[in-house]
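Q: Chains U and G, in that order, give the protein sequences.
Per our numbering: the first sequence ends with 156, consecutive numbering throughout.
Per our numbering: the second sequence ends with 617, consecutive numbering throughout.
It cannot be assumed that every hint is accurate.
Claimed, not checked - Heads up, simulated SDA-like pairs for lysine to any residue below, C-alpha to C-alpha not over 25 Å straight-line: (1) G:K377 x U:I66; (2) G:K6 x G:S603; (3) U:K121 x G:D252; (4) G:K65 x G:T82; (5) G:K370 x G:P606; (6) G:K372 x G:P606; (7) G:K366 x U:C20; (8) U:K128 x G:L520; (9) G:K417 x U:I66; (10) G:K612 x G:A85; (11) G:K370 x G:E613; (12) G:K65 x U:E39; (13) G:K417 x G:H405; (14) U:K40 x G:F241; (15) U:K40 x G:K54; (16) U:K121 x G:S324; (17) G:K63 x U:K128; (18) G:K377 x U:P41.
The set of hints was computed from the structure by calculation and includes no laboratory data.
In case you want the letters, here they are:
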Amino acid sequence: MSGISIAIIGAALCAALAGCGSAIGVMAAGKAAAGVTAEKPDLFGKLLVLQALPGTQGIYGFLTAILIMVRIGVLGGNAAELTVWQGLQFFGAAMPMAITGLVSGICQGKAAVGAIHMTGKQPDASGKGITMTALVETYAILALLTSILLIYGIQL
Amino acid sequence: MIAPMKFVTLVVLRDDREQVLQALQKSGCLMLCEREGAVRADAEAAEALRRMEKLIADIKPYKPKKGLFAENPQVESATFDTPQAEDLQTAEKLEELLSALAQNTQRCKQLADTIRTLEPWETLSEPVEALRDTVYTRFTIGRIPIAKRAELQSLCEQNDVHLQAVSQDETSAYVILAQFASDPPVSLSEIGFEAVTLPLQTGLVFRALADARGQLEETQALADRQTKELQTLAESTDAPFLLCEQYRAQSDLEDAPFLQTTETAILEGWTPEKRLKDLEKAVQSVTEIYDLSARDPEEGEDVPIELQNNHVVSQFEGITNMFSVPQYGGYDPNAVMAPWYWLIFGMMMGDAGYGLLMAVLILILKKLMKPKGETAKLMQVLLYSSVTTILCGVLFGSYFGETWHPILFSPLDDPVKMLIVTLGIGVAHIFTGLIVQIVNQCRAHHFADAIFDQVSWMLVIGGICLIFLKPARTVGIILAAVGAGIILCTAGRAKKGVVGKITGGLVGLYGITNYLSDILSYSRILALSLATGVVGMVMNMLAGMIQGSVIGFILSLLIYIVGHVFNLVLGLLSAYVHDCRLQYIEFYGKFYDGGGRLFKPLSINPKYIQIKENGGN
Numbered sequence: 001m002s003g004i005s006i007a008i009i010g011a012a013l014c015a016a017l018a019g020c021g022s023a024i025g026v027m028a029a030g031k032a033a034a035g036v037t038a039e040k041p042d043l044f045g046k047l048l049v050l051q052a053l054p055g056t057q058g059i060y061g062f063l064t065a066i067l068i069m070v071r072i073g074v075l076g077g078n079a080a081e082l083t084v085w086q087g088l089q090f091f092g093a094a095m096p097m098a099i100t101g102l103v104s105g106i107c108q109g110k111a112a113v114g115a116i117h118m119t120g121k122q123p124d125a126s127g128k129g130i131t132m133t134a135l136v137e138t139y140a141i142l143a144l145l146t147s148i149l150l151i152y153g154i155q156l
Numbered sequence: 001m002i003a004p005m006k007f008v009t010l011v012v013l014r015d016d017r018e019q020v021l022q023a024l025q026k027s028g029c030l031m032l033c034e035r036e037g038a039v040r041a042d043a044e045a046a047e048a049l050r051r052m053e054k055l056i057a058d059i060k061p062y063k064p065k066k067g068l069f070a071e072n073p074q075v076e077s078a079t080f081d082t083p084q085a086e087d088l089q090t091a092e093k094l095e096e097l098l099s100a101l102a103q104n105t106q107r108c109k110q111l112a113d114t115i116r117t118l119e120p121w122e123t124l125s126e127p128v129e130a131l132r133d134t135v136y137t138r139f140t141i142g143r144i145p146i147a148k149r150a151e152l153q154s155l156c157e158q159n160d161v162h163l164q165a166v167s168q169d170e171t172s173a174y175v176i177l178a179q180f181a182s183d184p185p186v187s188l189s190e191i192g193f194e195a196v197t198l199p200l201q202t203g204l205v206f207r208a209l210a211d212a213r214g215q216l217e218e219t220q221a222l223a224d225r226q227t228k229e230l231q232t233l234a235e236s237t238d239a240p241f242l243l244c245e246q247y248r249a250q251s252d253l254e255d256a257p258f259l260q261t262t263e264t265a266i267l268e269g270w271t272p273e274k275r276l277k278d279l280e281k282a283v284q285s286v287t288e289i290y291d292l293s294a295r296d297p298e299e300g301e302d303v304p305i306e307l308q309n310n311h312v313v314s315q316f317e318g319i320t321n322m323f324s325v326p327q328y329g330g331y332d333p334n335a336v337m338a339p340w341y342w343l344i345f346g347m348m349m350g351d352a353g354y355g356l357l358m359a360v361l362i363l364i365l366k367k368l369m370k371p372k373g374e375t376a377k378l379m380q381v382l383l384y385s386s387v388t389t390i391l392c393g394v395l396f397g398s399y400f401g402e403t404w405h406p407i408l409f410s411p412l413d414d415p416v417k418m419l420i421v422t423l424g425i426g427v428a429h430i431f432t433g434l435i436v437q438i439v440n441q442c443r444a445h446h447f448a449d450a451i452f453d454q455v456s457w458m459l460v461i462g463g464i465c466l467i468f469l470k471p472a473r474t475v476g477i478i479l480a481a482v483g484a485g486i487i488l489c490t491a492g493r494a495k496k497g498v499v500g501k502i503t504g505g506l507v508g509l510y511g512i513t514n515y516l517s518d519i520l521s522y523s524r525i526l527a528l529s530l531a532t533g534v535v536g537m538v539m540n541m542l543a544g545m546i547q548g549s550v551i552g553f554i555l556s557l558l559i560y561i562v563g564h565v566f567n568l569v570l571g572l573l574s575a576y577v578h579d580c581r582l583q584y585i586e587f588y589g590k591f592y593d594g595g596g597r598l599f600k601p602l603s604i605n606p607k608y609i610q611i612k613e614n615g616g617n
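Next up, chain U with everything else stripped away, as it sits in the complex (with noise of 0.2 Å):
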């Protein structure tokens, strides 16, 4: 297996596995969101905030897919060379976000569920839960971080 095959299996898995775990977390959140607004249509916007928040693990999935992309050379349509090693060095690069992803979506999926059916018990409460929902959020974004600077860490 050529290095630039599995550099692209990393790439690919980034943005599959978080934008699996985003989709759970904003399903899940959703589904709740939905329930509360049949009894309360005034707490749309509040609750679409709420929905959301799962959402970003995704676009860092993709975001890194797409770094990961423009370093080997994929996108701009000259792949470089790479060694088996350097594959895997951008594999192994990919894994943080990849693994975050999916994990903190799914759960920050489910905090969105308590701080949604919070707010439909106390509208006025929404900020108090979108910081809550947030803060499962920092763990990707540290591994986003991880896999961002191991990818520009990589020597080519």
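Guided by the hints, dock chain G onto chain U, whose structure is given.
A: Leaving out everything else, chain G in the frame of chain U:
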């Protein structure tokens, strides 16, 4: 700043109470508080308020949809005071129409049901009473699925039952069965036969059917007329909304607690010191006979607070209030928080193009929506932050995701340098929090605590930062060691016994992990600014790929617009949320507790209308 408050005791004649309260509600400067033994007026308006809210919900389908940016109807302050007779009539008329319409709709449904049941029997030439059981014969009418018809036929022949088909539709055949009364009844339900009872006692089916059809048409026409009438009336009047708000205000008044004696009523509550004059003026507008006394809050009283900041800082108050409201006599952090929020928001967005787009969009939205209250404040915060966003965009050379002549450097090319900058911002932010806490401690004359708990940590963190700079390395090591020494010796000072003090010191020093994670948390600024930049870049790249032909060029424009607006909205949400988090957890954690409550005076807060002030009051 937190405005000074006064506790007010107002004594008025019992007969004047209602009017005085109404005047106070209009001026909106007194927050009543409840004392033991307080009574309330009878809640009469609450019922009417519920009625109006139901009416508003009921007529909603008949009103034309309001535009997204439509304003609420305006009402003169003078007409707001008491519900007008004509408005009440209109509301009653609407209610009557609604209930008549509901009845007619119900009737239509019933008639349609009757018609559906009778239709298959339309061709029946005998009157219904001819199908009643006689001494010798038993009649059964009913329907059978078409597929089972042959089976029914053979079953009837076997049991000597006379079968007459009346009609047939797509699924069922409608039949009349006649049998000798002396024969045992044949069980037909197994093959799917279903007996039918006609909603008709006597007479011919086709006559009844024609009758029902005529009635249905008539009722339908009536219902249509009523719907039209309802639509025109609902469109032309704002009476339900006005009444709803009037009853809401009245209901709030009735809910106001007061103490009473045989002749007087006593109202107690909080008012900001500077509004004391307004309060007195409001009372004077009603009566000359009153007694008003005001005193300063006492120790341990739960005083509501009103924030008093300059125009710019006051826009950021909502962010602090969402976390926790400052306590009376405590410290209002808004003035320190606002510039940091402003700066960090700009760094997180970090794109000159998006900053400009943000400013333009918010200005347009402000013009169209004319927001009020918290929404208006939030928009203003975003508008201010667009300035730092543009500034950071120019400094780091980011324009709609494209890098162009950065003044400092581009975070995308040199993320490590940017990481150091964001961590530096974090250290400065945390130091600001610690300095605020030092000032608070000194004001409370806790000088030793300030040195042990805050200065020591500033020495440690500052020292560690200096270690990374080659020439200042020795100074850094000394500073950090001094700081760590202070913490080791003093963190356990509240504990009893030598062992407790030593372990307390060690545990205190372990707090370095908290500070470390706090500072590392600021790396999110880099992550978010990169996210905004790279997603923007991807949009540009996607649009660039298809720009070969004329159609491609038009499509690429679509990608530019949709992509960048999507990215902007997402970036705004992330920046808002994470900037808040940095303030709440990393910054406020160092010095701010909150735990107060906001000053919410007795006032008129209409949801559906706007009240136009015309001088006076």
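Q: Each hint needs a verdict: does it hold in this structure or not?
A: Right, here's what the structure says about each hint:
1. G:K377 x U:I66: violated (37 Å)
2. G:K6 x G:S603: Measuring from Cα to Cα gives roughly 18 Å; hence the hint holds.
3. U:K121 x G:D252: Roughly 22 Å between the alpha carbons, so the hint for U:K121 and G:D252 holds.
4. G:K65 x G:T82: Violated - the C-alpha atoms of G:T82 and G:K65 are around 29 Å apart, more than 25 Å.
5. G:K370 x G:P606: holds (16 Å)
6. G:K372 x G:P606: holds (12 Å)
7. G:K366 x U:C20: violated (37 Å)
8. U:K128 x G:L520: Roughly 23 Å between the alpha carbons, so the hint for U:K128 and G:L520 holds.
9. G:K417 x U:I66: holds (21 Å)
10. G:K612 x G:A85: holds (21 Å)
11. G:K370 x G:E613: Within the cut-off at roughly 17 Å; holds.
12. G:K65 x U:E39: Judged against 25 Å, a Cα distance of about 21 Å means the pair holds.
13. G:K417 x G:H405: This hinted pair holds, its Cα atoms lying about 17 Å apart.
14. U:K40 x G:F241: holds (20 Å)
15. U:K40 x G:K54: At roughly 15 Å apart (the allowed maximum being 25 Å), G:K54 and U:K40 satisfy the hint.
16. U:K121 x G:S324: holds (19 Å)
17. G:K63 x U:K128: Given pair G:K63, U:K128 is violated - Cα atoms ~36 Å apart, limit 25 Å.
18. G:K377 x U:P41: holds (24 Å)
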